[in-house]
Every structure is written in structure tokens, then in C-alpha cells.
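Trainee: Take a look at the letters that make up each chain.
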Amino acid sequence: MVSSSSPPINFDVAIQKIVREEWGYLLSSLIKSLNDLTLAEDALQDAVEAALHHWRRNGLPKAPNAWLLTTAKRKAIDKIRRDRNFDSKKQDYLFLTEPDSAAAEDEFDVPDERLRLIFTCCHPALDKKISVALTLQLLGGLSTAEISHAFLITRETMAQRLVRGKRKIKQAAIPFVVPDKSIFSERLDAVLSVLYLIFNEGYSATSGEKHVRGELCNEAIRLARILYRLRPTEPEVIALLALMLIHDSRRTARFSGSGELVTLENQDRRLWKKDQINEGKKLVEEALGCGNPGPYQIQAAISAVHADAASYDETDWREIALLYQELYKLNPTPVIELNRLVALSYFTSAEEQLDNLNRLESEFRDYQPFYAAKADFLNRCGHYKQAIKYYKLALKHSGNENEKQFFERRLKSIMPLQEC
Amino acid sequence: MKYIALIYSNEATDPVPGSDEFTRLIGEYRAATEKFIEDGVMVAGDPLESVNTATTLRARNGNLDTIDGPFAETKEQLGGYYIFECDNLDDALKYAAMIPTVNYGSIEVRPIMTIEG
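Top line first, the protein sequences correspond to chains B and P. When we follow my numbering, the leftmost residue of the first sequence carries the number 1, and every step to the right adds one. When we follow my numbering, the leftmost residue of the second sequence carries the number 1, and every step to the right adds one.
If you're looking for bench data, these hints aren't it; they were derived computationally from the structure. We treat Cβ as the ideally placed atom computed from N, Cα and C, and that holds for glycine. Since no wrong hints were added, every one of them can be taken at face value.
Capping the alpha-carbon separation at 30 Å, the derived lysine-lysine pairs in DSBU-like fashion look like this:
no. : chain 1 : residue 1 : chain 2 : residue 2
1   : B       : 17        : B       : 129
2   : B       : 181       : B       : 170
3   : B       : 32        : P       : 94
4   : P       : 75        : B       : 129
5   : B       : 181       : P       : 2
6   : B       : 168       : P       : 35
7   : P       : 94        : B       : 181
8   : B       : 129       : P       : 2
9   : P       : 94        : B       : 129
10  : B       : 79        : P       : 2
11  : B       : 166       : P       : 94
12  : P       : 35        : B       : 170
Computed far set for chain B versus chain P, every beta-carbon distance over 12 Å:
no. : residue
13  : 57
14  : 160
15  : 232
16  : 258
17  : 322
18  : 361
Pulled out of the complex, with its shape left as it was, chain P reads as follows (with noise of 0.2 Å):
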């Protein structure tokens, strides 16, 4: 089975790039993606650009919208994510549980849905 751990922080208090705080921060990602792939249970993942570029979309009646932002203001934004293959959920949430970021900020756990046929 297959899951995503959606990795959310805030971003106005992450690590800034250059710091200490930022390099251990990238050495542990490092270490822990080196786990998953030993494990055999990464499939994927990759950290996200600043929510400040993000853009929504929404096309209703046929109008798109183009927004500049996210879907929604949170105090906590999506930073990245990593794919599991996992037999079940405690698999997956042992692995979500060694993302560095779950010390400061929060990481959701879902299954991906099976289309099957």
C-alpha cells in the first residue's frame, strides 16, 4: 500500500538557508530518506518552493480563475511530502515519524487510493 506523509511547518519560523539550524536540519533529511530508501519503502519525494509561489486555479462555468497563493491561508503550510510503500498503517506512521520536521512542525499521514481495474 502506498502513503503520503504531507510534511506541514510554518514557514515564517523554518531554518533559514545558511544557518546552523538549516544545514543539521538538511543533514537529518538526508539521513532519514537514506533510511527510507534502505528500508525499501521510499517511493518518492521532494521538498516544495515557498508557498509564496504558489498559484491556484479554479474554472467555473467555464472562466479560470488564476489566483496568486494557496488554496488556503493555514498557520501551517505544505513544505513538502514523501511516498511510502508500507504493509500497513503503523508501517507508515513509524517512517512519517523519523521526518525531521515532525519536532517542529506536523506531518499528515494518508493512504494513496487504489484505482483499481
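The shape of chain B in the complex, shown without the other chains (with noise of 0.2 Å):
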């Protein structure tokens, strides 16, 4: 039972949102401060904890997030005082105990220092799934319980990861600090695929966790434009953030009623969040404006030209077959040029790719979307003999359900084609 006098519930909520869109921000300030990982995150989790006990009884402070930095470092002071070693390191804590950090509690002005943050937690000396945790972490303000449940795995061993990559951080030194000219541009690759790993980790979501997951794209989403807001000119972090709009626009439209994963082809596109796409769209142009073009924003290009289509058939295939080529001189792989025939066969006809897509073939092994592709080729052509043999071949690889029912309706509707 709730008592009467206490605040209703969704005070603790709306604490809890504020906790976390400010954690990254408040965090990697205490960083900058403490110089210490481990001390800023203590220090602004028992922050926390003391503002769900202080705002209850007394109501929300003028500016929360510069109440819990306050409360943060002062807890930080604590915790100092409490270490044996305090006297020989008075010194490098002086400016806490400054009487004006304490007074502006109904102001905040500190200077974001997330970008910082966000490149330590993705620096490449870090395996990527640990960069995936430690960003969701540190600065999405998740808990490890969301996000080894976001990840399908048990809190102990997201728990594990987390605490080997904290360790690291400390132990090998990983500065916090934005990477200089000379290594800037491989750095933010880093960041870039690690944002790009969260949100297809939430986006390929096939079935029943899918409302979980979904929140993994939110989240990416909300990174890329707190990056896009720290480096506003940056043509691969606007291309980003486009590229993962538009997908997202799609995703009511990619699960029908039952749950079952929609192919593009198939999709409804009423269904696809109009304002999304329309500010992905003006991102892509922004990037392609700063006349740098690299994989993302060509990525993004090809689902802006999705995007604008009206159906499936109606799609400027010659684009998209244009826009893979420019992917893959960057990018030189054999599922980019897969991706590329597939467009030009629409564009041109099936029958005059197949040897090009005959000729990919010793390119992949057991990959399910080439079988999937050449069988489509196949039956598209009317062979459907063998047609039905690359099916099959999509099928067994295949690892989602989904899909296979998607293969065995082909199949089951070109079986008694197969003697022509």
C-alpha cells in the first residue's frame, strides 16, 4: 500500500528520466574533475540516491542536474576524506572544496565534456561489445540490469564485461580526451560503428523482445545526435544519424500483426514515420554537402532513395545500383556488389545480371542472402528447377523463422512450375 502522504508514483519516474538524460553529461564532468572513473560513478550514484530521498519530501530543486553534480562532488569529497591517503593529496582536490562549486545549485553551467567520454568508451584498445556496454552505460545512463536484458544475456556476465572494460580504462590509462588531428578521423570510426552496432543490435530484432530491443535504437539515436550536437560538421556522424532515422522509420511497418518480420518489398508504407524520414533526408543532404562522402552517408543515401519511393517497383533502381558502386570503391566486398547487382537487375532485368551474379558465387560460402538472391534471379528468369535448389540452400541457412517461412511460401508456389 501506498501511504498517502507519499509523492505518486510517477515522481519517481520522472526522476529517474531526468537521471538518466543528464547521467553522460553530469558523469563525464565529474570525470573531467576527479580524473577517476570509479570515484565520478559512486560519487554520482549516491547523488542520485539522495535526490530520490531529498526531492521526494521537498520537491524537484530549479536545476536538478546542477543539485546532483553538487551533491556528486561533495559525496566524491567524502569518499576522499575516507581514504588514508587524503593528506598527500589535498592538493590535487583543492578546487572541491572551492566554496563556488557549492553555491550555483539553481544554475548549471558546466561545459559538456560527453565528447571526451564517448571516446574512451569506444576506444579501439577496448573489444567492441565492451565500447557497446561501456557507452550504454556511462553515458546513456542505463543500468546493467537494462542492458544485459537489451542484449539478451545474464546481468553477470554484462556485469563482468563491464567491470573488465572500467578496468582497463583505469589500469592501462585510456585518456579522456578528444583524440588529436592525427588519429581523430580513425577514432571517430570507432565511436561510429560502436553507435551503429547499438542500433542494429536493436534493430534486427526479429520477434517477442522486439519492444526491448527497440529501445536499443531510441538510445543510439539519442547518441548520435548528442555526437551530431558536440560535431556539428562532421559529414559521418550527420550521415549516421540519418541512416539510423530512416531505417527507424520503418519500424512499426517491419512486423505484421502476428509479429512476423515484413520485407521492404512487403512492407506497408503508410506505416512508415514521415517525420522521421523527412528530418533523415535533410541530414543526408547536409552531409553530402560537406563534399567528403564516405560509407555512411552513402548508406544513408540508398535509404533516403527508399525512403522517397512510393512502392517497391517504383524505386530509383539506377540510383541505387549507382550509389552501391560509389560503396563499394570505398568498401570493396562481395555483399556490396551482391547488393548492387540486385538493384541493377531491377533496373535491367535478372536475365542480363545472372552471369554477373554467377560469377560472385565463389565469393561467399553458405551465405544465406546470396541463396536468397540467385534463387529469386532464378525463378525471375523461370528457371525454376533450379530456382528450387537455391531456395532450399536459403532455407537450411537460414536462422530465422521469419525468413524460413518467407522460403518455403516461394518454394511451395514454384514447385509446380519446376518442369518447365
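From the two separate chains plus the hints, produce the assembled complex.
Mentor: Spelled out as C-alpha cells, the structure:
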């Protein structure tokens, strides 16, 4: 029973929302002053607990973030004092005890240090899985339980991953800095790939768990927006945000009423979120305007072309094939060539591209999308017997129930034609 | 902070003394070492004799076991090291990437533990 004097339950929810929104901002500011990730994290956690207690009684302060920061700093001082080496380190922490740091609780005016934290979390010396977890926790303010839930692994495994990452940051002295010019673009690539991994983890969710995993898409977009705000002139940052917005605009349309995955070809395009598409398209233009095309810009441009089409058949496949050609120049992989040939086959014909596709076959081994594409080409060419063989291969190498059902339906529909 | 850069390569395919390749490599090592000294990060650094010269010891229950060879057979062998004094991992990685063997072997960078008190 909730007693009548308790604040309504949504008050706690409101506090949690503020905390999560501000977490990365506050934590990076604290790491900057304390020069110690664990101390900063513990102090902020303590401040949040104090806030829950205090705000429930007294209501929200004027600037909750300033309140949290000041309280966290006090908590940090307490912790440092309890450390028996405090006297020898006193000089290092003088700034924390300066009167003005405690004064302005109703004003929040501290520099945004989140860019440093992003680069620390996504440092290439950390395993990508660890970077993903650290980014979600330290910048996104997600709890270990929330992250492990979203990644469908146990809380213990996720906790270990996080501990390992934080230990390496401390012991190997991974710096809390924005990398200098000579390595900036390479490090930015690492950051972008971590954000895209988070997004795809949520986007590739297939059934039951799609709601929690959709949260990962939201979080990846939120983090990309932060990065965009901090670095507004990096075309690949803008493009990644655009790419995620446009992909995510189809989230609802990707699932049928019974929760089955619906391919792009068969999606009800009226369900696509127009505002997200428009924002994404505007960002694509902005990124391409910088005149330095990179892989995210081209991928975003491809998804924008899809977003513009009224139906799958009316897609500008010529443009898509050209964009894949550009992408192949930057990143020559057989998967990109496969996508280019598929687009070309719609613009020209499956017959014309079948030889090219056959030439690509030796590049793949047990790769389901290749078998699916080849089956489709053969089907469109009327080579049904061969098409059946490839649909069966695609079926065999598919790990996804919905895909399997799709191939089974295809097989059923062409089985009667195989004598042709 | 001190970092050790452990230099690994496949001894079987390493440049052989006397070859032009070897002479060039030695020149590159000399230049790299000079750069480390000039930048004030060099603490120590040495090449090791071949892994064929390694002897491994293990004492269990008071019995000392002496084995001819390295502690583990691996594709690439430890062939040398540098110790750098750097502010953080980024600096250590920057210098480790200048070690010539990075182009055909592997460099493992690890912080050296500080024992306080």
C-alpha cells in the first residue's frame, strides 16, 4: 500500500528520467574534475540516491542537474577524505572544496565533456562488445540490468564485461580526451561503429523481445544526436544519424500484426514515420553538402532513395545501383557487389545480371542472402528447377523463423512450375 | 606511467643477418630508438636472442624442472621489447606503432604495474 503522504509514483519515474537524460553529461563533467572514472561513477550514484530521498520530500530543485553535480562533488570529497592517503593528495582536490562549486545549485553552467567520454568508451583498445556496454551505461545512463536485458545475456555476464572495461580504462590509462587531429578520423570511425552496433542490435530484433530491443534503437539515435550536437560539421556523424532515423522510421512496418518480419518489398509504406524520414533526408543532404562522401553517407543516401519510393517497384533502382557502386569503391566487399547486382537486376533485368551474379558465387560460402538473391534471379528468369535448389539452400542457411516461412512460401508457389 | 611493448614475430621468416632486408631493418630500429630517446619516452629496450636459446623453469613441490625451450610454442615468438614512459595509452600506442616489426609481426602493449609503498 502506498501511504497518502507519498508522492505519486510518476514522480519517481520523472526523477529517473531526469537522471538518465543527464547521466552522461554529469558523469563526464565529474570524471574531468576527479580524473577517476570509478570515483565519479560512485559519487554520482550516491547523489542520485540522495536526490530520490530529498526530492521526494522537498520537490524538484530549480536545476536538478546542478543539484546532482554539487551533491556528487560533496559525496566525492567524503569518499576521498575516508581514503587514508587524503592528506598527501589534498592539493589535487582543492578545487572541489572551493566555495563557488557548492554555491550555484540553481544554475547549471558546466562545459559539456561528453565527447571525451564517448572517445574513451569507444577506444579501439577495448573490445567492441565492451565499448557497446560502456557507452550505454556511462553515456546513456542505462543500468546493468537494462543493458543485459536488451542484449539477451545474463546480468552477471554483462556486469563482468563492464568491470573488465572499466578496469582496462584505469589500468592501461586510456585517456579521457578528444583524440588529436592525427588519429581523430580513425577514432571517430570506432565511435560511429559502436553506435551503429547498438542500433543494429535493436533493429535486427525479430519477434517477442522487439519492444525492449527497440529501446536500443532509440538510445543509439539519442547518442548520435548528442555526437552531432558536439561535432556538427562531421559529415559521417550527420549521415549515421540520418541512416538510423530513416531505418528506424520503418520499425512498425517491419512487423506484421502477428509479429512476423515483413521485408522491405512487402511493407505497408503508410506505416513509415514521415517526420523521421524528412529529418533523415534533410540530414543526408546536409552531410553530402560537406563534399567528403564516406560509407555512412552513401548508405544513408541509399535508404533515403528507398524512403522516397511510393512502392518497391517504383524505387529508383538505377540510383541505388550507382550508390552501391560508390560504396564498393570505398569498401570493396562481395556483399556490397551483391546488393548492387540486385538493384541492377530491377533496373535492367534478372537475365542480364545472372552471369554477373554467377561470377560472384565463389566469393560466398553458405551465405543465405546470396542464395536468396540467386533463387530470386533464377525464379524471375523462369529457371524454376534451379531456383528451387537455391531456395532450399537459402532455407537451410537461414537462422530466422520468419525468413524460413518466406522461403517455404516461395518454394510452394514454384514447385508446380518446376517441369518448365 | 610505464608501458612495455613486447615485440613478436615469426623467427622462421624474420630477415636474416647479412641480408639487405636485415640491414634496412637494423637502420629502422636505430632511427626508432633515436626518436624514442629524443622524445624522452625511452626507458629501456633490447632485442632477445633466438627462442632456441630459451630455458624454462618450473618448481613444484620442491622439484625444479628445467625445460629446453620457451614457455609455450606459438606461431610468433617474443623477440625483443621496449619500455616507454608515457602519460597514457594513446601515447604508448603512438610510439609502439613506430617499432619496425609492427609491419610484419605484432606488438603487444601492456602497462607496467606500479607497486605502491
